[in-house]
Structures are given as C-alpha cells and as structure tokens.
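Asks: Taken in sequence, the protein lines are chains G and U. Numbering of the first sequence is given in this note's numbering, commencing with residue 267 and proceeding in unit increments. Numbering of the second sequence is given in this note's numbering, commencing with residue 332 and proceeding in unit increments.
Just so you know, not all the hints are guaranteed correct.
Partial selection, computed: residues in chain G whose CB lies under 7 Å from chain U [said to hold, decoys possible]:
1. G307
2. L474
3. G477
4. P487
5. V542
6. Q616
7. S661
8. G664
Hints listed in this document are in silico derivations from the structure and should not be mistaken for laboratory results. Positions of the beta carbon are idealized from the N, C-alpha and C atoms, including for glycine.
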Amino acid sequence: MNKCWRRMLAVSSPVLTPAFWLMAGIAGLGLVLCLWREVAGLAAATAMNDGYSWGMFKNFNVTTLTALGSGGYALGVLTYVLNRRKYHTLMRTALLTSILAYTVGMIALATDIGRPWNILHMADPFVWNPHSILFEVALCMSAYVMIALDFENLAPLLERLEEEPFPQVVRELAGYAKRFVKAIYPYGVALALALPTMHQSSLGSLMLVAGPRVHPLWQTPLLPLLYVMMAWVLGIAFVEAAVMASCAVWKRPLDMTIVESLTSLVSWSAIFWLAVRLGDLYGRGQIAAALKMDFYSRLFLVELALIAIPTLLLRIRSVRMDAARSFVALAVLMTGGMLYRYTPTTLAFQPGAGYRYFPSVTELLISLGFIALAVVGYLFTVKRFAILPATLEMSIRGAVPGQKEKQAA
Amino acid sequence: MIDRRSLLTIAGAGAVGLAAAQVGHAVNSEPPVQPPQDAVGLLYDTTLCVGCKACVAACSRANNLIPASGQSGGLYQEPVALDAHTKNIIKLYKSSDGRQWSFMKQQCMHCVDPACVLACPLSALEKGEFGIVSWKGETCLGCRCCQIACPYNIPKFEWSQLNPRVVKCEMCRQKLARNEAPACTAVCPRKAVIFGKRTALLTEAKSRIAANPGRYYQDRVYGEHEGGGTQSLYLSHLPFAMLGLPDLGTRSIASGVRNVQETIYQHGVTPVVAYSALVVLTGHFWKDLRHHAEDEADWTGLKEQI
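With the hints as extra help, turn the sequences into a complete structure.
Replies: Here is the structure:
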C-alpha cells in the first residue's frame with residue numbers, strides 16, 4: 267500500500283469516546299478547582315511560597331509545555347522559510363498542537379497571577395516596562411496566541427465552512443475569507459515565526475534576572491539561546507510523537523520517509539544543542555562542578571543522559587526507520603528536554619534556607635486539567651477538521667460523499 | 332552516522348557556546364547606574380546591635396502591620412523571617428561550634444540598580460524619591476517576578492489574600508515626608524542602625540573602619556559596590572556570606588540582564604530585520620507552495636489545501 271502522505275484529512279470516527287469523556291472529566295475538575303483558587307486564594311490552592319514564588323502553572327504549564335507546543339514554529343521555519351515542502355502535510359498538526367499548548371499556557375498564566383484584573387493595564391503603554399522579561403513574554407505570547415496562531419489555524423476552519431451543510435452565504439463568505447488569508451499568508455506566517463523566536467528565548471532570559479539564585483550549571487547568559495534551541499527540538503519531536511500516536515490509534519499509514527527525516531533533524535538539532543550546552547559549561551569553567559556528584563551535578567548528568575543517549579541512538583538509521591523504537595527514543599529525549607527547561611525555574615533555583623516546594627494536590631490537578639483540556643481540544647479538532655496527514659488514496663475516498671461514514675462503519 | 336563535515340559543524344556549535352559564554356561575561360559596555368543625588372539609606376553595624384528587636388516592633392507599628400505573635404499566644408511579637416506582615420527583622424547567626432555569632436538586620440536593600448524594578452512587567456515597583464524602591468498596587472499583576480529577581484529575598488507576597496499585595500520595607504517614606512526618621516532607626520537604643528544620606532553613611536562607615544582597625548570584615552562596607560551598590564549598608568565583624576549577604580560582584584544583576592537583551596534586540600532593530608527577512612523568504616516560497624498545491628488540486632480533482 268502506498269504510505270505517502272499527500273493531504274490532510276479528518277479522522278472519521280466519533281468524537282465522544284470514553285477517552286474523550288475521561289479527558290473532559292479531568293479538564294472539568296481542573297477548571298472547577300481553578301475557579302476555587304480564584305475564590306480561596308493562592309495559599310489555599312497551591313504550595314507556592316515566598317521562596318519558591320513560581321510553581322507548576324508558570325514553570326511547568328508555561329515554561330516547559332509551550333516548548334512542546336513549539337512545533338508550529340519549528341515546522342513553520344522548515345516548511346515556509348527553508349522550503350522543505352514535504353513537511354507541509356504535518357503543518358496543521360503542528361499548528362494545532364501549538365495553539366492548544368499556548369492557549370492552556372495562557373490560561374495557566376492568568377490563574378497564576380495574584381491580581382488578574384490588573385491585566386487590563388497591559389493596554390496602557392505608559393506603565394509598560396520594556397526591560398521586564400515577563401512583560402516581553404506576556405506581550406509576545408498574547409500576540410502569538412491571539413493573532414498569529416489563530417491566523418495560521420484559520421485554513422482548516424474556513425475549508426470546513428465552505429462545505430455542506432453550511433448555508434450558501436456562510437460558504438461564500440468562507441470562500442472570500444480563504445482568498446484573503448491566502449493573499450496575506452506570508453505576512454501572518456512571518457509573524458508566527460518571529461514571535462516564538464522572541465518569547466521562547468525570553469522564557470530563558472526570565473531566569474537570568476534570578477542571577478546567582480539559579481545554580482551555575484544552568485545560569486548562563488546563553489539561557490535564551492539554549493531555551494529557544496530546545497523549543498525547536500521539543501516542538502518537532504512532539505509533533506512527530508503526536509502524529510505517530512494518532513496514526514497508531516486511528517489506523518493510519520505512517521509515512522516513514524517523512525518521519526525518518528524529521529527524526530534525523532531532531533537528533534541533529536539536539537546534537538547542536540548539546541554542543542552549545544557543553545561548550546558553554548566549559549567556557550564558564552563549570553565542568554568540575556558538573557562532575558562533583560552533589561545533587562546538582564547528578565541532576566545535570568541525568569538531564570545529559572536523557573538527552574544525549576536517545577539523540578545518539580537516533581543517529582542510527584535503522585532505529586529511525588523503526589516507528590516503535592524511534593517513538594520511545596523521542597519520548598526519552600522529550601523528557602530530558604523538558605527537564606532542562608524546568609530545572610532552572612525550580613530544581614536548580616536556590617531561594618535560601620528554609621524554603622521548600624512540592625506542588626499541592628490541587629495545584630497538580632489544575633495543572634493536569636490544563637493538559638487534559640488541550641487533549642480534549644486535539645481529540646475534537648482532528649475528528650472534525652482536516653488536520654492529520656493522509657494518503658492521496660484515503661483523501662479521494664474521503665472526498666466522495668457518504669464514503670467517510672461507510673469507511674468508519 | 333557522523334561524517335567529517337558534520338563533526339566540524341558540531342565543533343563549530345560548541346565553539347559558539349564557548350565563545351558566547353566568554354563574551355557574555357566580558358563585554359558589558361553599559362556604564363554603571365549611579366545612586367540618585369538625594370539617595371538616603373540605612374547603616375547597620377553588627378558590632379553595635381544587641382538584638383533587642385525594638386526595631387522590629389517599631390517597624391510593625393509604623394507600617395500598620397499586624398504583629399506575628401502566633402507562637403507566643405499573642406503576648407509578644409516573634410516573627411521568624413520576613414513575611415507578608417514583617418518588613419524588618421533581626422536574626423541571630425551562630426556558627427555550628429557556637430563560637431562565632433552575630434545579629435543581623437534584614438529589610439529591603441534599596442539597590443542602586445534594583446533587579447525587582449527591572450523585572451516588574453507593569454512598573455508597579457519603582458525607584459522613586461530618595462532612591463527608595465516602593466510598590467504601587469494599581470498596576471501590580473501579582474506575578475511575583477520581584478520575588479524571583481531579588482537576590483536578598485526581600486519582597487513578600489500576601490499569599491492568602493484575595494487581593495494580595497507585595498510587602499517590603501519602603502524606608503518609612505510616609506515618615507520621611509513628615510521629616511521623621513525611619514521607625515527602626517528612631518528606636519534603636521545603641522544606634523546600631525542609623526539613617527542618613529547615603530554619602531554621609533558611607534563616610535561614617537569608613538571612619539568607623541579607620542578608627543577600629545581589624546574590627547570589621549575585610550574593612551569593607553557591604554553595599555558600597557556590591558551588586559551595583561545598595562542604599563542599605565552593612566558593617567560586619569563576620570564574613571558577609573554568613574549573614575546571608577550574597578557575593579554579587581560589582582555589576583548589578585539588572586545591568587547583566589539588560590546587556591544580554593540589548594545584545595539580542597539591538598534597540599528593537601533585530602525583530603524588525605528578522606520579520607522583514609521572514610516576510611521576503613516566506614513570500615518567495617509561498618508562491619512555489621501554492622503553485623504546487625494548485626497543480627495537485629487540478630490533477631487529483633480535490634480541493635487545494637493550504
């Protein structure tokens with residue numbers, strides 16, 4: 267059978283599955299607890315304190331998980347700037363994971379701040395502090411989620427609105443809108459690539475201001491570079507993992523040519539990241555500290571192993587061609603990458619003696635709820651819109667009215 | 332697996348890391364921020380303090396803070412650390428063998444170039460009159476960037492409040508406006524903490540050092556240059572690190588962050604150039620991509636997908 271991905275096609279199976287309800291339940295619980303946090307205050311809902319002032323919401327849901335959601339950025343650069351056209355069939359999956367990860371990240375940010383109503387002052391340029399990294403992150407991320415990502419994700423929605431059973435007037439309007447989107451597409455895409463470069467690097471700069479309170483194995487002027495490079499690695503790896511899992515669950519052919527070449531790219535990118543990371547440690551004279559075998563050194567070595575071992579294994583072509591093995595290697599690599607993004611914010615953060623942080627149950631449930639909410643969004647969208655890649659054969663079959671339902675039955 | 336060319340590229344990336352690490356440390360052309368002309372401050376001398384904590388109670392009174400008296404059953408105030416109702420505290424340092432000990436006063440350092448002010452997204456923290464770092468609630472998001480940024484761990488947050496405030500020493504600016512000295516300095520029976528213009532305090536500190544050779548650690552005033560300078564100054568008979576005053580070097584943290592960001596953003600030129608380049612490149616390849624998609628649509632009879 268021809269396994270070549272050529273087009274995007276909606277998954278033709280029912281949306282309301284047990285898995286969907288489970289995820290919706292976790293998300294619902296999280297959102298209820300989220301409302302409770304607004305009423306009860308941060309002390310009741312979280313374990314954050316005057317030493318560890320940032321907890322799961324900012325450090326995990328935003329700093330760590332938006333790196334996984336950087337697929338739209340990384341694949342966008344490959345497809346639109348480096349003209350790797352073969353990845354175009356993965357763009358929609360990438361953009362969907364991005365908009366979901368960022369949207370729940372922004373909700374997490376709004377849950378985290380203590381005086382959320384003052385967000386209104388973001389509209390007042392007179393109080394802006396352009397030197398503040400969090401200001402830049404907040405501005406660039408909002409612009410990305412509220413403008414650039416929505417624009418990029420319009421195409422599947424408009425395509426859907428052009429079809430039956432929508433009334434004639436809606437279909438026509440959608441047609442005009444699509445033509446407009448096509449006309450200004452490069453401007454929107456360029457924005458959607460420039461903004462994440464800025465805020466993904468700034469998420470690293472965010473910890474620069476903590477100065478000596480972040481352990482020297484992680485604190486470096488290169489944090490912005492290392493963070494944005496890791497976003498690139500994690501973004502691509504996560505899109506691959508999402509597509510591989512989706513193809514396995516919904517019995518779609520896996521185009522190993524595309525998957526293999528992306529895996530190769532991920533491992534190359536991770537090698538560059540490792541080179542910069544180790545070069546930086548050497549340049550700052552921290553190699554001895556890395557091998558000291560105290561808590562921080564061990565943490566560093568675990569991070570290094572979780573990133574370096576799968577990266578090197580993925581240099582072997584036969585591993586890359588094996589879907590199951592490369593999936594496992596990518597998952598380990600993602601764990602290591604996420605650990606790197608998370609560590610400076612919490613594990614290697616030293617607020618002084620007497621402070622301890624371990625997330626409270628409520629905090630964990632809210633954080634998990636945000637992730638479940640993104641999964642719910644994914645499950646719904648891939649079944650209602652043409653997102654996931656498919657072969658030409660499947661698309662032709664799917665385009666004939668009535669065929670989709672029969673195929674599902 | 333890895334050929335020679337790739338190996339060279341990897342080595343190049345490593346060199347980037349190495350070189351950038353060096354450059355990031357060495358090149359910081361920004362002139363250091365100077366204290367404002369009217370800068371006032373506190374000078375605390377560990378050799379004079381007897382640990383009576385009169386200043387702790389006076390601070391709470393002057394700033395309308397509910398005294399922390401949980402352990403004493405409401406009999407007297409005994410906060411264990413700075414918190415949302417303690418802006419000033421006296422702590423005792425004792426070495427493990429008990430031979431070395433010292434009292435230590437903690438309150439805002441009123442840095443010359445404060446990291447908290449740099450970190451605050453909507454300028455809720457500002458360095459204002461007399462160089463005092465103060466908080467105004469109207470624009471505060473409660474994001475706690477100031478807590479992450481402060482190397483002295485000073486700003487505290489009202490975690491249990493629905494409208495939480497950031498609480499920190501503001502050098503009794505309401506009293507300064509009435510020409511009164513900050514509460515902690517006014518009540519100190521041994522003049523272990525004194526208030527004055529920063530320049531005058533530095534002169535006083537140096538004359539104490541000159542008059543008492545060998546009494547003070549390294550004959551140094553902590554805060555003259557540390558972390559870019561502070562307006563709360565310290566004289567200590569023990570190493571400053573033992574008292575929880577970090578070794579920050581002479582550049583402020585804020586200056587280091589500005590330097591990295593400036594290197595990347597070049598006064599905002601980088602994003603504009605990058606965006607323009609991205610528009611040109613994507614615009615160029617977008618045509619290719621569209622033609623390809625249209626061809627395929629014609630050939631397959633399916634709708635074009637963008």
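Asks: State for each hint whether it applies.
Replies: Checked hints:
1. Restraint check, G:G307 versus chain U: the minimum CB separation of about 5 Å is within 7 Å; hint holds.
2. The interface hint given for G:L474 holds, since its Cβ lies 5 Å from the closest Cβ of chain U, which is under the 7 Å cut-off.
3. Hint status for G:G477 relative to chain U: holds, with the closest Cβ pair at about 4 Å, below 7 Å.
4. Checking G:P487 against chain U: minimum C-beta separation of about 3 Å stays under 7 Å; hint holds.
5. With its C-beta approaching chain U no nearer than about 4 Å, G:V542 sits inside the 7 Å limit, and its interface hint holds.
6. Given hint, G:Q616 at the interface with chain U, is violated; its Cβ is 10 Å from that chain's nearest Cβ, farther than 7 Å.
7. At a threshold of 7 Å, the smallest CB-CB gap from G:S661 to chain U is about 6 Å, leaving the interface hint in force.
8. Because the closest C-beta pair between G:G664 and chain U is about 9 Å apart, greater than 7 Å, the hint is violated.
Hint violations for this structure: numbers 6, 8, all remaining hints satisfied.
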